[in-house]
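Visitor: Next come the chains, spelled out residue by residue.
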Amino acid sequence: VTAIHWALSRECDRDAFAEALEADGFVRVVDRPMRNDRPGEIAWKRGDAEILWTEHGMLGARLLTVSAEAARTSHVEALPRRTLAEVLRDAAAAEGPGGARATTWPRATAARGPSLVRAVGVAIALATADQTPLLAPLLDRAVATSEAAARLIAWAIAIVQRPALDTWLDAALARLPEGDDRRRSLGAVRERLARAGEFTDDLAGLDRENLRHALEQARAAGHHVRVVAAADLLLRDERVDVEVLAARALARAATGDRWGAFVDALAAAADLEDPGAIAEDLVGPLEDLVAGLRADRPSGPPPREALAILEALDGNPARSFAVLREVVDVAGIDRELDLELRFRYACAAIYMEETEIARDQARIVAAALPRSRYAAALVARLDRDEGLRTFYERFDGGSDPDFDPRFRKIAVAQMRNLAAEDLLRDLLRKRQAAGASGEELLAIAEKERSIAPDSALAWLDVGVMLTGVRRHADAVVAYTGAIDRLDRSDEILLSDVTFVWFNRACERAMCGEIDLAIDDLAEACRRDAQWVARAADEEYFDALRGDPRFEAILRGELPVDPARTDRWQEKNDAAKAATFRGDWEQAFALAKAALELATTPLEEAESATTLSFAACWSGDLEFAIESAEEAVALGADHGDRQILAESHHMLGVALHRAGDHEAAEREYESARALREEIHGPEHPSLAKSWGDLARLAADRGDGALAVDRTARGTAILAAFIESAEPGDERTEALADAMILGTNETLLRRRGGEFAAALAAAARAVRSYELFPGSTFSEQVLRGLLAELGQIVQGAPELQAAAQDLATRIERRFASGPAGRDVSTPWSRVIGELLRLRSTLGVEDAAMAPILRAAIRGEPPSPQVARVPGAAAALASFASLATAPGTTLPVMTPMAVELLGRGERGLEQTLDDLRVIGGG
Amino acid sequence: MRPEHWWKDRPDWVDALYGAKDLEEIEWLSEGASGALRDEHRASLRGGFAGYDFAPEVLEESAAGDFVPLGLLPERTDRRGLIPYRPMIVADARRPEQAFVAFDRYAPSFAWIPAGTSPGTFRQAWAPYAIAELPPRVGLARERRWFVGTVEQLGSLDQIARAMDGTHGLDGLCWGSSFDEDPWPPRVEANALAIARASQDALVQSPAAPPSISRRTIFSGSVVTVWQCGALLALSIRYRPVPHAAIYEAMNERFGTTFPTDLPIDAFLAFCRFPLAVPPERVEAALRDPAHAETRAGDAMVHALLRHDDLGKLSWLFDEILAVPGDDGRPLRDLAIGLADSFQDVSTLCAMLEVETDPQLRSALLELTSPRGGS
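Same order as they appear, the protein sequences are chains Y and R. In this note's numbering, each residue carries its 1-based index in the first sequence increased by 139. With this note's numbering, the residue at position 119 of the second sequence is 107, and numbering never jumps.
In short, the hints are calculated from the structure, not lab data.
Covered, in the sense of this in silico footprint (three residues per stretch, anywhere, with C-beta under 8 angstroms from a C-beta of chain R), are these stretches of chain Y:
hint, segment
1, 150 to 158
2, 190 to 204
Restraint-style ranges between C-beta atoms, simulated for each label pair:
hint, chain 1, residue 1, chain 2, residue 2, range
3, R, 52, Y, 216, 52 to 60 angstroms
4, R, 355, Y, 821, 13 to 21 angstroms
5, R, 115, Y, 547, 51 to 59 angstroms
6, Y, 821, R, 147, 16 to 24 angstroms
7, Y, 547, R, 169, 33 to 41 angstroms
8, R, 15, Y, 568, 41 to 49 angstroms
9, R, 147, Y, 676, 51 to 59 angstroms
10, Y, 676, R, 169, 53 to 61 angstroms
11, Y, 677, R, 174, 43 to 51 angstroms
12, Y, 708, R, 147, 15 to 23 angstroms
All C-beta atoms, glycine included, are put in the ideal place defined by N, C-alpha and C.
So that you can see chain R by itself, here it is in the shape it has in the complex:
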């Protein structure tokens, strides 16, 4: 029999969780430890903890909030066992009606996961983040993509990858476009030098796909990928949907954003690194809108970046958007040739060749569609 919980003004649900036999993995905090953890949360958010990259006012809002850390869930580390995370169960005075789980003591309050009021709701809410094994690609069926900016704005793929290395909640192991699947095992218990050597192999880029760098998120095992075509950069998150609509709807309403409402929170934290993110739907809308004719070439390149592996969307781009007749349309047809060639879309190049009359473009198409005997 547990003694009564020390918190006198606790909501009822605290007792429901505190007394639950099937939540034995929770390490309940003493009053002193709880206060120390709260102070640590505040100090770290106010002291510019760099792991989560949010505006100071957002962090201050979390730090200033009245909340009570109640317990800790078992430690989780990244796959190298280097960076520990200790999820924290919290009661938030502003939302006292249910429990919340923070990924660790540094997570700001808006990223806390609502966990209901009973052991059942608690387990259900935490389940997407308490995965027994990392899901393979087919297990992460949902994917969202965004155009996130240019190399000039954000730095090269390498620089972004390095910055993401320091993003809290992301695994330290990454891989390149040669791999469809995460090539790393669930645990990598080797010394730093051995991991560094293995990383060389894992970061190999495929010559047949845009260079990319992918990483797992620590808790949900989602895959965050950044890839580059020319000077443009895109972000993709592959994940299992989670039922957090309420969190995102509140955020979207407050900030005027359009965050997908089913993203795991750890993936969302990685996404927040890219404030300029534009979803593909916005790019498509711009391409369809005659008022955006001036930016068509740029929009087309972004569309091709985001849809490089979807033939339906690509052929729409080639056949309907870039197929502008006459001399005025020549630059866009030229762009179409370059893009089709970069994707080895020989069918489109041949279809263009069949009807193109501009001598220079024809000559380029003849060169690009010439079958090579030796290769």
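Next up, chain Y with everything else stripped away, as it sits in the complex:
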């Protein structure tokens, strides 16, 4: 179609034009809104008449491109528009800033005279590739007369990237004198264009759509390094995009990466026969590449990174099989990689029903790894009858820590039912169906439990088998074990296993535990009403008959479960408080209870995050990861970025502790980006993220990056602390600054930068001195003191300064709240009450009723009274806060009231009273 191009003035009303066209039978066929990184486009079609409206935000140009058939429509003719020749003619008449035109922008625009700068943007956007040489006189004149125009030309060249503009650029640079600003502007673009092929730094910040765009541009320009980098990013989330794979295969081949090209090409080639799966221009080159590499296969061991795509292919066993069939045969590789490949190959072969291949590979893996649970399971999976039996007889519950976690991931992704416990469960069902004795079944179930001690299902199986052999007391223990693990289990739905309470009720009734049996029966009936009817005929409950509680249950009158009257909020808050106190066990129990009480997904997400936190610090990393993943999923589903940020952070922490640094980095970065989105880049929560990322970098051995990240966090905190009012946020920032400073001390000391380490330590100590709280992690303080010792060892000349810091730490630690004078009664009381709050783990506002009771002369509650020194502190407070001869007897109740309403913090309230009382 012959196209005609025009520039449109801003008076053209796009929406009105669109409405008129569509009323006249034109159909909209393209609609891409303008964004900062790409032009907007709307296109219409009616028969052969085609119209395209483009808006280039960066160049300030609105263009209309029409087919000859559309050019004569009244809608197009009515638009004020100019051809390139007209734009160039108007631009020739435009004056530069040194001319007679108004010397301020407002006046210039008010006069509506043609602007050279605007003309440059429009002309470059409007000119087709063939017409670009026509721009030279305009560009020459613009660069000669206007620094602003030179800058816009530089941007335009970088965006448009046309050979004719490159030629002009070289000529213009040759003419401009050294040191000229215009030369600098244009030179920067020249440099950028020269490096375009290898430049990849910008890619990390792009979303998928723009990454694809960048990849296509790089491919068109033959920038292979850039293609590979863009493809790496597009493929990183375990998503397989065949076109991207094909493009990377070709680019890798072009850069000499034969193994990478081979694997990518094989993976992509699986779709070659599917028309449309791969863009036409890629098909021929890809076929040639595969043929060429098959004829001359890559030699030597493949680097692990060349095989990284296999992980993404786990979700697609057919494609995985196609690749591995060729790779395994040619790869002369080290044992570890070899076994992993073979395991993957066997899994894929099972899926593809290539049983012989699967057997061969499984045998090799199992023989090489006699203690691997998953290798053994693979063999058993291939032989469900005899193999299962053999697996059961030989299996000793061992595992191969080097391989099993890796194999588990592959097995889970590629096929279900490969876990050893699942195989045993399978065997159990088979033997049950075959009428095996209760003792034999119990033995299988016990083995199942021995290898999967955290599986609720395994405990359930044992319980059921014990019921079968009428070992009532043991069955109670097994059902209790199952119930304890139900909440941690993702293998079953709670609604599917309500029988576990019913069965335990039966067994407890048989053991004479009447009260507990009734509780269990009530719980079973609350969860599923079918158990009411079942209970009526159950002979196990004969011991309960006549008990009014049992009879009430049979009538459907269920007692209220006391636990459920507790509100989610209370449990959740208590769980959080327990995490802050470091009481992980209690935090875990409370968070679990909160999760049960949660009634909305966001409550669930919050509790799951807390649960993950507690699990993480009590060492159950697998569960911590699972809980955090669940929280992330729930947060995302409900679009709550705050919760999502915290759950990503938590997931990062758990993965970090589990040693999966790559995944942890991804999660920490997600949390950081979300926090930045929510609060802006200067918020103290960002410092936490930088601290996380720094620790991760340190653990990955990148000390320089760790220092850099720590410094970013420290800078944010310093600025915040400087400007923040006293309060919880500032206190938290000071604690974080203290931790970051300590970390930086360690990092710099390890890097041999002793003076810088000491400076970081000094910053940490300063934060500690400003920290108003009464307790601080002793571990961190000890760590900092140890670092000071190390610094002195490495740089004896710093001994005096280090000693000074150590003394300051010890003095602050001994004195309680920082800088607080403990010599007056008020300051002592304040310190003690702050400590009481921390010990109780409550919010400031929750201290109000405690203080109120004290000034009324009432004794503290047992919970408060149990805290050492609390009763004395409250008595001192009451005596000071109601001192006669001052306004305190009036003011104190009011201040406590404000504290209770959350309008003042505890420390602020006590300080207010101290001032009022003249203390």
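Assemble the complex: chain Y is given as a structure, and chain R must be docked to it using the hints.
Guide: Chain R alone, transformed into the frame defined by chain Y:
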């Protein structure tokens, strides 16, 4: 042959629909079921059903009305299959001349769709809501936008998105500004966890566009988008026009509003969540009016929010509204620089640089227009 319809005092059109062979998808209600449905409608509107967010008097008016539910259309669910809607055919005593269709038993009477008196008019009226597949962006050529308020007034984008999650008539799946097109398939038959994971991908925001959250309406497949620039929030509805002028004209006359008269009713129900909505035309009028000079900076920001992807409207703002000379105009020129930079409008920044004489603004412009060698 169907037996005679049970309603003795029925208007004639009931028989026309009741006997129609090509309306077999209608499940006609018995007298008892009809009464039960009417009671349910009343009870839910009076009991504070939260899905539709209208003033109690509006809901009461609907609840108090005399109407007869006649039949049900096939169930429609959101794309996750979680929330069912059963459209209801109604005879309204206040408007007995034709049939109406309610999206479900909870829809208040003013949002009932007039469906005429014959099978033909019924099909025609319901067609925009009985779409076979969700239209792509190009199929939703009409777009209306409004400035809906500030973050302080309405909460953050997240909070609004969450509130819209509970809006009756909106699909549960949403997506972020990285996607020009709705990235979700027509049906998402996966468990909640899988959907939650996919939602993470779908909610990715583009760094090159304002953050936004979009959703489909259930029946017409219109796209409702809320987006944010700084502390300001805007709403857009992309839709296929529907011939409901009479409904909107009556509403506009009654409430003194200026609702667009071609909005699908399900999109309108979402729009009703934003009582402070201001259309772009009002903002432009304020910018042109010298009497509004005091609020020019705020109006300019709202205009830029609403027109961020229309270069014609943006350059009008930069060249005519914010180009105020002298020291008095400095704050507005400063604002223009900030806005042009946020849209990466390098052409405007360079045009400003060419003529700006204020040293501080010049320095900012030099910084912002400096070409970067490495990026």
